[in-house]
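Chemist: The listed protein sequences correspond, in order, to chains A and B. For the record, in the first sequence the residue sitting at position 1 is 12 according to our numbering, with numbers rising by one throughout. For the record, in the second sequence the residue sitting at position 261 is 271 according to our numbering, with numbers rising by one throughout.
For the record, the hints were derived by calculation from the structure and aren't laboratory data. The model shown is predicted, which means the values in this text are computed figures rather than measured ones. Just so you know, even glycine gets a beta-carbon here, dropped at the ideal spot from N, CA and C. Check before you lean on any hint, since a few could be wrong.
[Claimed, not checked] Examples of chain B residues toward chain A, derived with CB under 7 Å:
hint, residue
1, T112
2, L139
3, D141
4, G145
5, A149
6, F161
7, A173
8, V175
9, K179
10, T180
11, A183
12, K184
13, V287
14, Q304
[As the list claims (entries may be wrong)] A few chain A residues that don't get close to chain B, going by computed Cβ distances all over 10 Å:
hint, residue
15, P88
16, M234
17, V243
[Stated by the list, open to error] Distance condition first, Cα-Cα at most 30 Å in a straight line; then the derived BS3-like pairs of lysine-lysine:
hint, chain 1, residue 1, chain 2, residue 2
18, A, K129, B, K184
19, A, K129, B, K179
20, A, K92, A, K129
21, A, K324, B, K184
22, A, K92, A, K324
23, A, K324, B, K126
24, A, K83, A, K324
25, A, K92, B, K182
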Amino acid sequence: MCRRNGVTVYMYGGRAARLQGEGSMTRRNQSDGLDIPGRIKARPVHRPGSLVAGIIVALLALMLVDGMVTNKQFDWPIVWKYLFNEHVLNGIGWTLVLTVTSMLIAIVLAIVLAVMRKSVNAVLRGVSWFWIWFFRGTPIYTQLVFWGLFAVLVPKLTLGVPFTDIHFWQMDTAQLNKVIAPGFLAAMIGLALNESAYLAEIVRAGLEAVDPGQAEAAQALGMPHSMIMRRVVLPQAMRIIVPPTGNEVISMLKTTSLVSAVPFSLELQFATDAISHRIYKPIPLLIVACIWYLVITSVLMVVQAWLERYFGKGFNASRAADTVEGLRTDGHASFDDDVKKKAEHVGFLGLNA
Amino acid sequence: MTSENEAILNDEISTSIGAGVGVADGVQPDGGAGTATQASAKAASDVPAVKATGVHKAFGGLHVLKGIDMTVEPGTVTVILGPSGSGKSTFLRLINQLETITAGSIEINGELIGFKHVNKGGRDVLQTLNDREIGRQRAELGMVFQRFNLFPHRTALQNVMEAPVHVAKTPKAKARAEAMAQLERVGMADRANYYPMQLSGGQQQRVAIARALAMHPKIMLFDEPTSALDPELVGEVLGVMRTLADAGMTMIVVTHEIGFAREVADQVVFMDGGVVVERGSSSIIDHPAEPRFQDFLSNVL
């Protein structure tokens with residue numbers, strides 16, 4: 012049995028077919044190497060639509076390129092001059108650090124929140140609901156300004172017995188502002204808490220999408236609830252959680268441009284902005300920022316595609332329904348084949364993200 | 011409950027522990043313990059493997075089970091027949107505590123499941139068991155589901171190893187060897203590294219049976235194990251179940267396979283509308299007494 016282009020073809024009596032194939036009636040098809048007598052060769056339906064669309068798009072693209080080259084305002088020499096500027100590269104570094112750290116905190120918080128939301132404990136459910144309600148219900152910009160003012164609101168952090176004067180430990184909140192870089196902690200926490208609320212809903216949707224029969228089978232094997240969550244439900248939910256989380260990472264990358272609200276002044280948007288204010292050329296530096304955001308986003312899309320492939324293991328067949336029958340009937344189809352198929356599929360997804 | 015009854019209950023529990031070990035030995039992969047199992051099963055026949063008394067179950071306002079009494083002796087196969095919606099799957103799920111019982115009681119090897127009697131100020135009160143206690147009770151039972159419910163992100167071998175390694179804390183190498191033996195037993199050893207999606211329904215169900223056996227249960231519950239299978243795949247699963255029954259495993263099987271019931275069952279129970287309509291040896295399939303059972307059989311045969 013051969014599988015080509017997702018179509019299952021059974022070869023019966025290969026020798027008989029070959030003998031016939033030597034006659035003038037049949038022709039060996041170049042693309043699949045199969046010898047099928049009387050293979051149909053017909054002209055495809057005429058579709059002028061794509062040609063027309065192609066011409067229009069090419070024309071528009073040409074106008075765009077022409078505009079970008081001839082319009083002096085773009086100031087390409089300035090773009091190239093500052094593309095690898097030290098402050099810009101530093102900004103990229105800080106943007107990435109902010110994205111990664113706040114995202115990691117948000118993911119941990121989101122899993123905890125989602126599990127709390129599904130807990131049998133009503134208090135935990137309530138806390139989770141309130142958290143999501145609050146952080147999803149207020150603008151991220153407002154939250155960032157708030158975290159920037161945290162030291163004003165709470166000048167001293169103390170550890171002691173509540174409602175008494177007994178303190179074991181205390182510090183000035185303003186000192187926290189100097190940790191790592193000015194405003195960094197506030198920016199990171201602000202981004203992370205806001206993101207955790209959105210991610211918690213994504214995680215919850217993932218948990219609920221897992222077949223309840225999975226938890227029942229695990230229960231029947233004597234697994235406690237926490238183990239069922241960790242070893243059975245979460246790994247399967249990941250397959251559903253990863254694609255939207257990839258979107259959230261990309262969204263987070265761009266949201267870091269708002270941390271000037273804290274203020275945190277080292278990331279990419281702020282860095283390019285500062286240069287443009289100094290040299291009075293805003294447009295070329297916006298283009299510098301755009302180029303870098305696009306480069307990072309493209310890299311993230313590749314990582315996302317890889318993660319989807321990893322967490323999709325064992326699920327490949329459900330996505331390529333046509334090949335499932337082939338797999339099921341003979342059970343011999345090599346696993347490598349599936350991985351390749353999946354890889355193609357994932358690559359396609361990645362480009363769509 | 012009088013003190014005399016309590017004494018008897020305690021007596022039964024201690025007997026059941028001895029009997030339970032004997033039955034478990036019978037299902038070890040090395041086999042050859044069939045006769046020993048039957049002997050110990052006979053010796054313990056005064057303590058039923060499963061004893062259900064006046065079991066009721068209601069989902070919201072829906073009264074699904076209306077007083078089920080059932081006794082399953084160790085080493086025997088009980089087949090529950092009945093039209094869909096008759097409550098037979100619900101009854102099986104109650105035995106494994108996947109649902110909570112509304113009224114009545116179920117005892118496994120003489121031990122009340124789901125609750126324990128505690129003394130609160132001189133009064134006998136029922137206390138719901140916690141997760142760990144329920145887990146311990148479930149360890150006596152293996153369950154096979156209609157939709158297989160294999161873990162799709164793990165291979166056949168990993169599915170079978172999962173509970174021994176993570177619940178029973180068996181060392182990995184030992185668990186792997188035992189899991190391979192279980193897969194061998196259901197004829198799936200050559201597919202050990204396949205993911206469930208790469209297996210046919212019948213193959214998946216056989217892996218699911220191996221997975222349940224890996225925890226050495228004393229009783230196996232089958233919830234319509236062949237209903238989701240293509241007709242030509244039913245035979246392989248029934249074959250495995252027949253081998254299990256021959257090895258002396260205590261089994262409760264909810265199924266529509268009348269032929270299997272006729273061949274393998276020691277006890278046939280026909281349920282309809284949440285009550286047991288008729289019960290007896292497998293001969294009642296050929297000579298049903300109740301009109302409802304006659305109707306059912308004429309429709310499925």
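Chemist: Just pull the numbers of the violated hints for me, sorted ascending.
Modeler: Numbers 1, 2, 8, 9, 10, 11, 12, 13, 14, 16, 17, 18, 20, 22, 23, 24, 25, in rising order.
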